[in-house]
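Novice: Chain order of the listed sequences is V and P. So the first sequence is numbered by numbering that gives the first Met the number 0: it starts at 0 and just counts up by one. So the second sequence is numbered by numbering that gives the first Met the number 0: it starts at 0 and just counts up by one.
One should not assume that every hint holds.
On the chain P side, residues computed to face chain V include the following (Cβ under 8 Å) [unchecked claim]:
no., residue
1, I13
2, D73
3, A96
4, D191
5, V323
6, E334
7, L342
8, R350
Rather than coming from a laboratory, the hints here were simulated on the basis of the structure. Predicted model, so just to flag it, every value in this text is computed and none were measured. All residues carry an ideal CB built from backbone N, CA and C; glycine is no exception.
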Amino acid sequence: MPQVKSVNDFVVKFANVNGSGSASANEMFARSILRMGVPVASRNIFPSNIQGLPTWYEVRVSGKGWLGRRGGVDLMVAMNPQTWDKDIASIDPGGYLFYDSSRPVPLSKFRDDINVIRMPLTEISNATYKDPRQRQLFKNIIYVGALAQLLGIDLTVLEKLIGEQYKGKDALIAPNQQALRMGHDYARDNLADVCGLRIEKADAVGDRIFVSGNDAAGLGCVYGGATVAAWYPITPSTSVAEAFAQHCRKYRMDAETKQNKYAIVQSEDEISAIGTVIGAGWNGARAFTATSGPGISLMQEFLGLAYFAEIPAVIIDVQRGGPSTGMPTRTQQADLMICAYASHGDTKHVLMLPEDPRELFEFCAQSFDLAERLQTPVFVLEDLDIGMNDWLCQPFTWDDSKVYDRGKLMTAEELETGKTFGRYLDVDGDAIPYRTLPGTHPTKGAFFTRGTSRDRFAKYSEEGPVYQDNMQRLLRKFETAKSLVPAPVIEHASKKAKHGLIYFGSSAPAVREAMATLAEEGVQLDTMRLRAFPFPESVADFINAHDQVFLVEQNRDAQMRSLLVNECGIDPARFISILHFDGTPITARFIIAAISERLSLTSREAAE
Amino acid sequence: MTYIAKPKLRHPAIPVNKLGYTHRDYEGSVSTLCAGCGHDSISFAIIQACFELNIEPHRVAKLSGIGCSSKTPDYLLGQSHGFNSVHGRMPSVLTGANLANRDLLYLGISGDGDSASIGLGQFVHCVRRGVNMVYITENNGVYGLTKGQFSATADKGSKSKAGGFNADSPLDLVSMALMVGATFVGRSFSGDKQQMVPLIMAAMSHPGPAFIDIVSPCVAFNNHAGSTKAYDFVRDHNEAVNRLDIMEPREAIKVEYAPGTTEEVALHDGSTLRLAKLAADYDPFDKIGAMNYLQSRAAAGELVTGLIYMDSSPKDMHANLNTVAAPLNRLSEKELCPGSKGLDSFNASHR
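Chain V on its own, in the form it takes in the complex (with noise of 0.2 Å):
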């Protein structure tokens, strides 16, 4: 039987059911993991469901620090029957099948080219405790500790965690690191020399943190001076509202009074969660909503009132499998359309693209000066692989000299001195007006504030000169967003490049494995990753320099080569999409391969 034999460098897969209580169980695994100093990159892939059906929690160990999912599994650890079937054959060759074999199992659900691992898990379980809620719950600790000994993962990093993990409940440390001990000792007198998968002790994680991006952009929020949120529950964003709240409890109560320095309001729906988001940003307070496709979907009125009427607003969209209901527990990239042209009427919208939790983190805080800067929506286009997985990334950082830029906010001052202020007018060249909020002056300042057409003091018209005179102030309005936006990040090959690759978001790990592993192969490709629409100019500099461009996205309608096309000019011929949109994370080999298989095509065609 050929053994899959690898230190450092595997993929663990745990087959679960929802609600079983192993999520903790497998995500104390992965920390162990990264404690040792390999780094580890762990996806849920989850139902939409709270108990009953199928979870799967993948944990891929890179000692070389790839964070991408890999795809392929070489260990399984398969604890639920009802997919024993598809885990039993998404396993590698020479892989290892883990199950629990308390219950016998036809040798006809079997293959001959994996190993299998067996451990009575269930029995061992049900022999020491009695409540059943006891068993099922330390059965999942019994095969953490029997994997740690399979493995090679140091028991006490492992007793640690437990001991960090139930802090404040010290009664359950004790039998949780009992039953820990019991699946490491089983596994060590039983199971010797089974499995070739190695973890050891490794510093390739250095000070890195493991964090999800919801719980990153709820403290961005935090950190760029949100003061009020309003949101509708949906997944995959609502630990973005969560954890804000988490965070504000932490750091946002007033020490004297104990009062708050925030409100969140968990509207009655979508669209009034945008409308009090807008209210409160026309009335001078950093304001957010945290939502997915099918909310931006009904968030289309008012994000064209926001645009045209010139207002600060943050949505942070988690996006998720669509069109519809979609696959509301799968990853995708597919509202970039719906947001850069959100609403009816022509507009355009600042899109802000992380690649993981810490500059999630980041653009969060940032798109709060943004948006009052430009007066207008900003979006923050995360997913859920971003939003609802651990992570490994840099520590965040926060330079305490910063300022927040409120942006053009006339003063009574100003005004008491004689300052003309029209609310639509371009005074500094930059297309971006002055704005006073409402209470700031007993007799100037006032002004009505209309989805109407208005001229550049904000009274009514519908002549079509004024109408146009705003909205191409707007569009210039745009334009100075470029500079302001984070810039893209590009890197040239080591020799000059004939083809680029265009890249963005949740991508970035597949991209960057995908990458060194064609280098090896001595495949040269510039490449650039979005940072944001609108575009600077040098993304267009970067695609006309290069022949065709290869442009990886998460969605079926290559989104992202409709705005390079349209904002830039470009022609779409020199675009080669590479689209993944199953609703799994991209992987390093899904774009290796489709890297590899064009570009073999040109060189035969070439050669023919």
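Following the hints, complete the assembly by docking chain P onto the known chain V.
Specialist: Same frame as chain V, now just chain P:
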């Protein structure tokens, strides 16, 4: 929407209030509504109420949705910021504005199409949340701007000007507001200024969700025989349960009402509300009683007006959310940002 500014001339003998403001300081642009529109009377009543209460115009934020009624914020309080938002969604915008700055007076002006049809959800949820505001619906039972379709408050059996018959049951926003937790509920008639002004004043003095439904006949599309929102019909069926009189900060406005028992209630801004009971057994501090009374009179075809319900110790959204006393829009990075120190503990807990 109007684009005609009112000339700033004024009579030298025009009265001024404690702030030195005249009526003219509370006016807005010239109305573009139809001559005789009930909405203009309501605008005037709002102006009068603000003048009487010595409210600084710029400390009011006036918000509306879409429709004839939603145009009216332009015709009053020209020194106030106004926000003409989207159809039926004013309540959420007002909620956000109120969260941002709790120190202003929030005046939401809406209509029956805006609040009872497209915006019914937002209306009830805004009230539910206890937003401190004065929410007025100018209720005429029709869509005026689109020329006379029935709205959701049109009574069953009403006839439209074009001869149509309304077979649908009406929504009563007053009953609904009571049910979902408004702590001040009134109903009035745009043809009765003496009732409207003190009612609006009392609502403005109320630190909680205050709702007033004002039946306001549409002279263009709903003022004919067969309409229950016509001037004549409302006059004939108006059953005022009380008369209000606000004393202080100025002297009492003269209210003409038939003698009955009177009751005085201290308002939160220090003024006193004198309530003259017209329906002897009506108690506007008894919510359940008010709900029952409304239903029984409605069944008899009568329109109950006046102060329908008031909670003397309301709690608003900010109290529920335990927000700081300072307006949230005035907090800076100093108060809001935990800085690099805050990140040290965050980073440490994620390793």
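Novice: Confirm or reject each hint.
Specialist: Okay, the hints, checked on the actual structure:
no.: 1; hint: I13; result: 17 Å, violated
no.: 2; hint: D73; result: 6 Å, holds
no.: 3; hint: A96; result: 4 Å, holds
no.: 4; hint: D191; result: 29 Å, violated
no.: 5; hint: V323; result: 4 Å, holds
no.: 6; hint: E334; result: 6 Å, holds
no.: 7; hint: L342; result: 5 Å, holds
no.: 8; hint: R350; result: 6 Å, holds
Against the hints set out earlier in the document, violations occur for numbers 1 and 4.
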